[in-house]
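Below, each chain spelled out in residue letters.
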Amino acid sequence: MSAMIQPEAEWRAHLAQGRFMLQRSRSTGGHVFYPRIAQPGTGADDLEWVEASGAGTIHAVTVVRKKDPADSYSVVLVDLAEGPRLMSRVDGIAVDEVKIGMAVRASIISEGDKPLLVFVPA
Amino acid sequence: MTSDQGFPRGRSVIVGAATYGIGNCPGVSAVDMAAKASLLALADAGIALSEVDALYTSAPYEALGGMELAEYLGLTPRITDCNRTGGSAFEVYVQQAALALEAGLINCALIAYGSNPASNPPPGVGMTRQSPWEAPYRPLAPISSYALATNRHMHLYGTTREQLAQVAVAARQWAQLNPEAAMRDPLSVEDVLKARMVSDPLTARDCCLFNDGAAAVVMVRADRAKDCAGAPVHVLGAAHAVTHREISSMPDLTVTGAAISGPQAFAQAGVGPADMDVVMLYDAFTITPILFLEDLGFCPKGEGGRFVSDGHIAPGGGLAVNTNGGGLSCVHPGMYGLFLLVEATRQLRGEAGDRQVRDARLAVAHGNGGVLSSEATVVLGTADTL
Chain A
1 MSAMIQPEAE WRAHLAQGRF MLQRSRSTGG HVFYPRIAQP GTGADDLEWV
51 EASGAGTIHA VTVVRKKDPA DSYSVVLVDL AEGPRLMSRV DGIAVDEVKI
101 GMAVRASIIS EGDKPLLVFV PA
Chain B
1 MTSDQGFPRG RSVIVGAATY GIGNCPGVSA VDMAAKASLL ALADAGIALS
51 EVDALYTSAP YEALGGMELA EYLGLTPRIT DCNRTGGSAF EVYVQQAALA
101 LEAGLINCAL IAYGSNPASN PPPGVGMTRQ SPWEAPYRPL APISSYALAT
151 NRHMHLYGTT REQLAQVAVA ARQWAQLNPE AAMRDPLSVE DVLKARMVSD
201 PLTARDCCLF NDGAAAVVMV RADRAKDCAG APVHVLGAAH AVTHREISSM
251 PDLTVTGAAI SGPQAFAQAG VGPADMDVVM LYDAFTITPI LFLEDLGFCP
301 KGEGGRFVSD GHIAPGGGLA VNTNGGGLSC VHPGMYGLFL LVEATRQLRG
351 EAGDRQVRDA RLAVAHGNGG VLSSEATVVL GTADTL
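Here the protein sequences come in this chain order: A and B.
The first sequence begins at 1 in the numbering used here and counts up one residue at a time.
The second sequence begins at 1 in the numbering used here and counts up one residue at a time.
To be clear, the hints were calculated from the coordinates, so they are not data collected in a lab.
Beta carbons: idealized from backbone N, C-alpha and C, even for Gly.
Treat the hints with caution; some may be incorrect.
No farther apart than 25 Å at their CA atoms in a straight line, the calculated lysine-lysine pairs in the DSS-like style are these [claimed, not checked]:
no. : chain 1 : residue 1 : chain 2 : residue 2
1   : A       : K99       : A       : K66
2   : B       : K194      : A       : K67
3   : B       : K301      : A       : K66
4   : B       : K36       : A       : K99
5   : A       : K114      : A       : K66
6   : B       : K194      : A       : K99
7   : A       : K99       : A       : K67
Simulated restraints on C-beta separations [unchecked claim]:
no. : chain 1 : residue 1 : chain 2 : residue 2 : range
8   : B       : R78       : A       : A122      : 27 to 33 Å
9   : A       : T42       : B       : G158      : 34 to 40 Å
10  : A       : I100      : B       : T76       : 19 to 25 Å
11  : B       : H244      : A       : D71       : 26 to 32 Å
12  : B       : P121      : A       : R36       : 34 to 40 Å
13  : A       : I109      : B       : R84       : 30 to 36 Å
14  : A       : E51       : B       : S119      : 48 to 54 Å
15  : A       : V120      : B       : G158      : 25 to 31 Å
16  : A       : K66       : B       : G317      : 33 to 39 Å
The shape of chain B in the complex, shown without the other chains (with noise of 0.2 Å):
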């Protein structure tokens, strides 16, 4: 089935997916992570390295990655992109394979990603600029941004820094069924509100991690998955939205893109939020989950905080979120979309271990890059949900 929302919903697949380095990762680089995760991915869907021929990759401090990892691969893709949608460039990436799939001019996506700020520390300031409109006033950068939205969403709604800890507290309490996870000690609600304040009303366990992390997904259509060694992941509906890129142009701080990106995919894949058994969601603050809660429409706007409140999104909870512990506890090496889809995938494999969702067949991963400024949506379901 196509429906008429621009994507061909369910025709492309993602057929291999991994991890590496979680944590910490030392005395490599960037590329040589990127690339290792690539192998794995490949070999988890027992697809050839040299059939790829399709590389999306956005590496964390080389401006021209693309053609960086596609050299050391030894590829030659028919398409290389290395966006700069930030930590949604890789959401992004789902959609753009898939239509390019289903045009016929690819036949196998790699999306890889690696990075290790914890044990290789960048030398510089990273690959963007700072506003001349902003970086007088010394935000701290992004925190600051993710402070003002958070300010304003208690004022308009009566979110309490209580509430945002319990968003912390169950990322952490999935952490804890995750092996692979870097943060797994107990972690309380005081915990959280009693670190460190950095930028009101956010503390350092309001934050999520920067530590090291590397991961893949390869995709092809879904025809081609029948020869593929694992469970083909399907891709019900991808969609994404911009609007803006500094916090100050920022049209709404309590609306993300979310709501625009989210009520489209959710049309592509024929299913909506009520629906999902496992809810991804780009956690770089402990802000950034309940808005997209609201935006992605799993409750009303201002209902967020309430939402997360009383473990529902903790294990056990009424909706499984984040189940590999999110930004905030697993993984966070700069940009983190990669991991919503890797979680994601394996949540619909059934090869999440202890953590596992019982049954899952739909899942969501909604990926953020900016302050707030790009959303990305996709939606995953296994064969019975075509």
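Same shape as in the complex, but just chain A (with noise of 0.2 Å):
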């Protein structure tokens, strides 16, 4: 039996490396986000990392409201170009610039010591 792949712990130590990385099903050619043993609706297992483009669109935003304006952040979900659809944040930007159809591409920043995979305007 071959060893189960640990998809959350190979994707966070490609992030901690400046990598963003994506699965892809050989087979399918499809691409999976967020990382899992088998791509959803096929089953198949055949995934392989990929890196991604960081290449993505703004499919939907809000705007969490803190008390001081400047403390509020954005929260969107960003189309990547290679299909998969995921939550981040939009920085080096007003939050209330970050609109839907927003061409954006990934960057990994370090917050709390820890690397974040968040988007800039592209």
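Reassemble the complex: the two chains are provided individually, in unrelated frames, and hints are given to aid placement.
Below is the structure:
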């Protein structure tokens, strides 16, 4: 029996080395995020790690409002060029300027001593 | 008549329904409240506690709540279920109880729930874990998820914040007719728009309450109902669909699983949206009734915002929606789905007082769980709809 992959641990190890990775099924060609042991829907378990292009488009946005407006932050859903959708945040732009359809690109920052995947305007 | 849609149409009935402790219920535990509502519903039905042989409950703070309530009530059920499809669990229970009653596995099902987060706040954050793929971005759970769906609906269909506010205002106007409702002060569209913005575009008044409440219903086979105290309400259809857990995995942010469960439940029932006299839709946030009106077929996709405008779902409007005041203005103790069923039952029995919908014969109760993740639709009718 081959060892089972460790989806989240392996993804975070890549992120810590500065790489935003997706999974791709060798047989179906479909990309998978979040990482798991098989492709949802097909059950294909021939997943390999591939580096994401980092290109994405804002699919939806909300702004979590804080008492001090400077503390308010965006929460977005990003459609990746490869297909999967994920939750993230847009940095480098005022929260009220983040709009559906905006082109963004991935950026790996450090937050609380941990690597974090965010997006910035493309 | 048994439909070919996988459901024993009309062959099981709700014969007892009750609420307890709505708004504020201090000094007791959640299971105390569920037990109290259970006894009230059984009394309403004229059925002894000892007859209950199936127990369905979703305890708010106890993962093993099914066993907890069985022990508390002194029951030895043949079915004990504590399902975790959030606020939709109770509509799922109606479906499961109907099938078990039809099969003869059970004879009397009790569906119960109690929770008092307002007067007895739980120590932890609840039984659900935060997704490691979403938590780092600090969405407010669950409002930011619903806000993202709202943002998408506004973008695609031109839905406005004023239209969202109309949902809250209609709920409040219904609540003013319900002495049990927790929030009965006047509320205007402007009040909703000017309330504190929490997660754009949803303000505090676009959000449901988080108060105390308990409810219960009792189900038996239709033939047994002849000996019961109250008029039976027949279960004509019940269907369920789960599409995801977290909002980032929702297949389409503006189309919920109600687009699956609704048509199936209506097909089982042999009736359609246009036949409904009373429409009970889980209103966790103002966007949810808009989505469900569309997905259940009351209006085309994208038209929900216009549909709820001009008082159309308020008292005196074209469609009676959430006549108890809903989760927005009556009660929402964390999982609201059972209150939808109680109100539909009261309306079909003609017990709804000042808010009674005249000659109500058919009702739909639609439950929602998670973040638009689990959708369950129950169609109910009076005996003359069989």
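Against the structure, the hints come out as follows:
For the hint linking K99 of chain A to K66 of chain A, the alpha-carbon distance of about 20 Å falls within 25 Å, and the restraint holds. For the suggested pair K194 of chain B and K67 of chain A, the alpha carbons sit about 15 Å apart, so the restraint of at most 25 Å is met. With a C-alpha separation of about 33 Å, the suggested pairing of K301 of chain B with K66 of chain A is violated against the 25 Å cut-off. Note on K36 of chain B and K99 of chain A: the hinted pairing is violated, with a Cα-Cα distance of about 49 Å set against a maximum of 25 Å.
Our distance criterion of 25 Å between C-alpha atoms is met by K114 of chain A and K66 of chain A, whose separation comes to about 23 Å. In summary, the hint linking K194 of chain B to K99 of chain A is supported, as the alpha carbons are separated by about 22 Å, within the 25 Å threshold. For the hint pairing K99 of chain A with K67 of chain A, the CA-to-CA distance comes to about 22 Å; that is within 25 Å, so the pair holds. The hinted window of 27 to 33 Å between R78 of chain B and A122 of chain A is violated, with their beta carbons roughly 60 Å apart.
For T42 of chain A and G158 of chain B, the hinted distance range of 34 to 40 Å is satisfied, since their beta carbons lie about 37 Å from each other. The hint said 19 to 25 Å for the Cβ distance between I100 of chain A and T76 of chain B, and at roughly 55 Å that hint is violated. Range check, H244 of chain B to D71 of chain A: about 30 Å between beta-carbon atoms, so the 26 to 32 Å window is met. At roughly 35 Å, the beta carbons of P121 of chain B and R36 of chain A sit within the given window of 34 to 40 Å.
For the pair I109 of chain A and R84 of chain B, the beta carbons lie near 35 Å from each other, so the given range of 30 to 36 Å is met. A hinted range of 48 to 54 Å holds for the C-beta pair E51 of chain A and S119 of chain B, which are about 53 Å apart. Between V120 of chain A and G158 of chain B the C-beta distance comes to about 29 Å, which sits within the given range of 25 to 31 Å. The hinted window of 33 to 39 Å between K66 of chain A and G317 of chain B holds, with their beta carbons roughly 37 Å apart.
Hints 3, 4, 8 and 10 from the list above are not met by this structure, while the remaining hints are.
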